[in-house]
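Peer 1: Below are the chains, spelled out letter by letter.
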Amino acid sequence: MAAALLEFGYLFVVLALTGAAALRLGLSVIPLYVVGGVVAGPYVAGRLGLPYVADGEVIALLAELGIVLLLFFLGLEFSLDRLRASGSEIGRAGVVDLGVNLPLGIAIGLLLGWSFVESLLLGGIVYISSSAIVTKTLIDLGWIADPESEPILGTLVFEDLAIAVYLAVVTSLVLGGEGGFGAIGRSLAIAFGFLGLLFVAVQYGTGLFTRVLDIGNQEAFVLRALAVVIPVAGAALALGVSEAVAAFFVGMGFSASGHRERIERTLIPVRDVFAAIFFFWIGLGTDPMLLTAAAVPLALAVVLTTPAKVVSGYVGGRTYDLSASRSLRVGLGMVPRGEFSLVIAALAASGTTPVMREVIPAFAVGYVFVMSALGTVLMQQSDLVERLVFRGESDGVVKGGQ
Amino acid sequence: MTVYESDLPGVGKKHEVELGDGARLIIVTHNTGKREVFRRESVDSDSEKLFELDDKLARQVGTLLEGAYFQPVEPTRIETLLGDSTLIEWVEVGADADVVGKTLGESNLRQATGASVIAIERDDEVIASPGGDAMVEAGDTLVVIGPREACRNFVELVTGA
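In order, the protein sequence lines correspond to chains P and Y.
Numbering of the first sequence is given in full-length UniProt numbering, commencing with residue 1 and proceeding in unit increments.
Numbering of the second sequence is given in full-length UniProt numbering, commencing with residue 1 and proceeding in unit increments.
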């Protein structure tokens with residue numbers, strides 16, 4: 001017991017230090033937590049003979065809670081009404097984003113000679129932008145007040161929905177294993193049956209969700225919210241259904257209950273603690289040596305998917321009737337990847353093939369690290385990028401209002 | 001005036017207010033309660049952040065802007081009504097009024113106007129129930145009680161208007 005507690009103490013010291021470093025350097029905490037995990041884990045500290053945090057069952061369970069709470073909050077922020085109210089613009093920008101980036105990732109996988117499921121995992125990792133990093137950078141740069149924030153945040157909402165559907169399918173494919181079409185069909189049927197039931201419960205159970213949380217005591221409130229979301233996620237996983245998507249649906253159910261703001265206020269610290277453990281745990285399982293095995297896919301993905309996101313974002317911005325330069329910023333704003341690419345990597349790690357178990361998680365860690373940094377830099381240097389991109393056509397043209 | 005409202009999913013809400021000269025004031029209200037206030041010079045320019053306030057401070061500043069704490073309506077005189085026709089009034093003594101340099105008894109204000117001086121405010125000091133020998137100085141504020149008509153006469157006499 002003492003050894004385990006000491007190990008967790010070590011974990012939190014590393015998280016606190018990397019978090020402080022991120023604040024100091026003005027970087028996103030997500031990649032730095034991962035680096036903390038790599039350094040303090042068996043593959044670096046362990047190999048050097050230093051005390052290290054082992055990749056045990058307890059920490060994996062706490063990391064799992066991190067995934068569940070991340071997706072629960074996504075569901076909480078997400079409402080079908082909001083998607084409907086924002087109308088067709090989110091739809092168009094979101095479809096362009098999905099239509100360009102997911103197939104591109106799949107194509108890269110197939111090009112590397114990977115199986116379809118492996119390529120689909122790669123597609124998901126390169127498709128989904130990081131809500132946390134993008135939103136934080138929007139606020140830091142003051143873009144939040146400008147028109148480009150709406151297509152960026154709108155597309156993130158669309159991605160959140162797309163990722164829920166994607167995870168539901170891919171979880172069945174990965175956990176369903178190699179049983180051929182019959183087995184895959186069966187696991188997909190179970191997944192969509194369970195999620196369908198959950199969706200109906202969430203749509204018509206608003207009254208129930210409201211009553212469950214009608215309690216003044218803060219401790220009871222937090223415990224009740226967790227007592228709904230964690231068992232549902234656990235039941236989903238036991239059936240081979242994505243626990244993350246189940247948590248997303250429960251979040252959607254609570255978002256309509258009128259308790260949304262209170263849940264956010266009281267549960268954000270809980271989520272942040274477990275999410276930090278999740279990112280750390282991703283690092284623990286990453287062997288930096290494997291990064292060399294992932295080097296080719298990584299280089300290919302960085303070179304191809306960065307311009308693809310910029311272009312799809314640009315087109316998305318245009319569907320919002322933004323000017324060319326603002327549309328370019330929408331594209332730059334979508335470049336950072338982060339937490340959800342790592343959620344997909346965690347799913348891949350539970351797969352059966354060596355590519356899923358080793359190459360994809362190492363790829364995802366490297367990719368998130370490069371793209372979160374590159375994306376943030378591109379956003380900060382958007383003026384420079386703008387001058388480079390529009391150099392040809394803007395000769396002698398004075399930009400309005402500047 | 002047009003106010004544009006839009007949702008910022010995961011962040012909060014944004015309100016844009018047209019300022020009339022083509023510029024816009026933009027208020028981003030975060031879900032945490034923080035308010036960020038920006039100004040955008042024109043459609044093409046970028047927003048410039050002016051300041052940010054936490055929830056509590058934003059509400060306090062908001063009531064100030066709304067005028068709930070203070071309305072700037074030229075308070076040359078403050079008056080308080082007692083019953084139907086009797087007033088308490090605060091009257092500042094003009095520099096060249098006749099009463100300056102005289103005691104209340106000498107200036108005979110009560111007999112002349114019908115209103116009585118119940119206090120004299122001089123800087124931070126208050127002379128309550130001043131007697132006939134109390135001296136009136138320029139810049140004093142006299143607190144006067146009397147019928148409406150009497151108070152009006154008193155004001156005319158003392159402010160030098």
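FYI, nobody ran anything at the bench for these hints, they're computed from the structure.
Values in this document were obtained by computation on a predicted structure and should not be read as measured data.
Ideal placement from N, C-alpha and C gives every residue a C-beta, glycine not left out.
Careful: at least some of the hints might be erroneous.
Selected chain P positions facing chain Y (Cβ under 10 Å, derived; list incomplete) [claimed, not checked]: (1) E7; (2) F78; (3) L138; (4) P147; (5) R211; (6) D214; (7) G258; (8) R265; (9) L267; (10) P269; (11) D272; (12) V273; (13) S323.
Restricting the straight-line Cα-Cα distance to at most 20 Å, the calculated cross-link-like pairs of lysine to any residue (SDA-like) are [claimed, not checked]: (14) P:K136 <-> Y:V37; (15) P:K136 <-> Y:E48; (16) P:K136 <-> Y:H30; (17) Y:K56 <-> P:R265; (18) Y:K34 <-> P:G9; (19) Y:K56 <-> P:R262; (20) Y:K34 <-> P:E77; (21) Y:K49 <-> P:T266; (22) Y:K13 <-> Y:T32; (23) P:K136 <-> Y:K34; (24) Y:K13 <-> P:A162; (25) P:K136 <-> Y:V11; (26) Y:K34 <-> P:T266; (27) P:K136 <-> Y:D44; (28) Y:K49 <-> P:L141; (29) Y:K34 <-> P:L141; (30) P:K136 <-> Y:E52; (31) Y:K13 <-> P:R260; (32) P:K136 <-> Y:A134; (33) Y:K34 <-> P:F181; (34) P:K136 <-> Y:K49; (35) Y:K13 <-> P:G26.
Residues of chain P clear of chain Y, computed beta-carbon distances all greater than 12 Å [what the hints assert, rightly or not]: (36) A45; (37) L156; (38) A293; (39) V302.
Peer 1: The structure should be examined with respect to each hint, and the outcome stated for every one.
Peer 2: The hints, checked one at a time:
no.: 1; hint: E7; result: 34 Å, violated
no.: 2; hint: F78; result: 8 Å, holds
no.: 3; hint: L138; result: 8 Å, holds
no.: 4; hint: P147; result: 9 Å, holds
no.: 5; hint: R211; result: 24 Å, violated
no.: 6; hint: D214; result: 22 Å, violated
no.: 7; hint: G258; result: 15 Å, violated
no.: 8; hint: R265; result: 8 Å, holds
no.: 9; hint: L267; result: 13 Å, violated
no.: 10; hint: P269; result: 13 Å, violated
no.: 11; hint: D272; result: 13 Å, violated
no.: 12; hint: V273; result: 18 Å, violated
no.: 13; hint: S323; result: 7 Å, holds
no.: 14; hint: P:K136 <-> Y:V37; result: 17 Å, holds
no.: 15; hint: P:K136 <-> Y:E48; result: 17 Å, holds
no.: 16; hint: P:K136 <-> Y:H30; result: 12 Å, holds
no.: 17; hint: Y:K56 <-> P:R265; result: 16 Å, holds
no.: 18; hint: Y:K34 <-> P:G9; result: 33 Å, violated
no.: 19; hint: Y:K56 <-> P:R262; result: 18 Å, holds
no.: 20; hint: Y:K34 <-> P:E77; result: 18 Å, holds
no.: 21; hint: Y:K49 <-> P:T266; result: 29 Å, violated
no.: 22; hint: Y:K13 <-> Y:T32; result: 11 Å, holds
no.: 23; hint: P:K136 <-> Y:K34; result: 14 Å, holds
no.: 24; hint: Y:K13 <-> P:A162; result: 24 Å, violated
no.: 25; hint: P:K136 <-> Y:V11; result: 9 Å, holds
no.: 26; hint: Y:K34 <-> P:T266; result: 17 Å, holds
no.: 27; hint: P:K136 <-> Y:D44; result: 23 Å, violated
no.: 28; hint: Y:K49 <-> P:L141; result: 10 Å, holds
no.: 29; hint: Y:K34 <-> P:L141; result: 16 Å, holds
no.: 30; hint: P:K136 <-> Y:E52; result: 16 Å, holds
no.: 31; hint: Y:K13 <-> P:R260; result: 15 Å, holds
no.: 32; hint: P:K136 <-> Y:A134; result: 68 Å, violated
no.: 33; hint: Y:K34 <-> P:F181; result: 52 Å, violated
no.: 34; hint: P:K136 <-> Y:K49; result: 16 Å, holds
no.: 35; hint: Y:K13 <-> P:G26; result: 25 Å, violated
no.: 36; hint: A45; result: 35 Å, holds
no.: 37; hint: L156; result: 7 Å, violated
no.: 38; hint: A293; result: 35 Å, holds
no.: 39; hint: V302; result: 26 Å, holds
Hints 1, 5, 6, 7, 9, 10, 11, 12, 18, 21, 24, 27, 32, 33, 35, 37, counting from the list given before, are not met by this structure.
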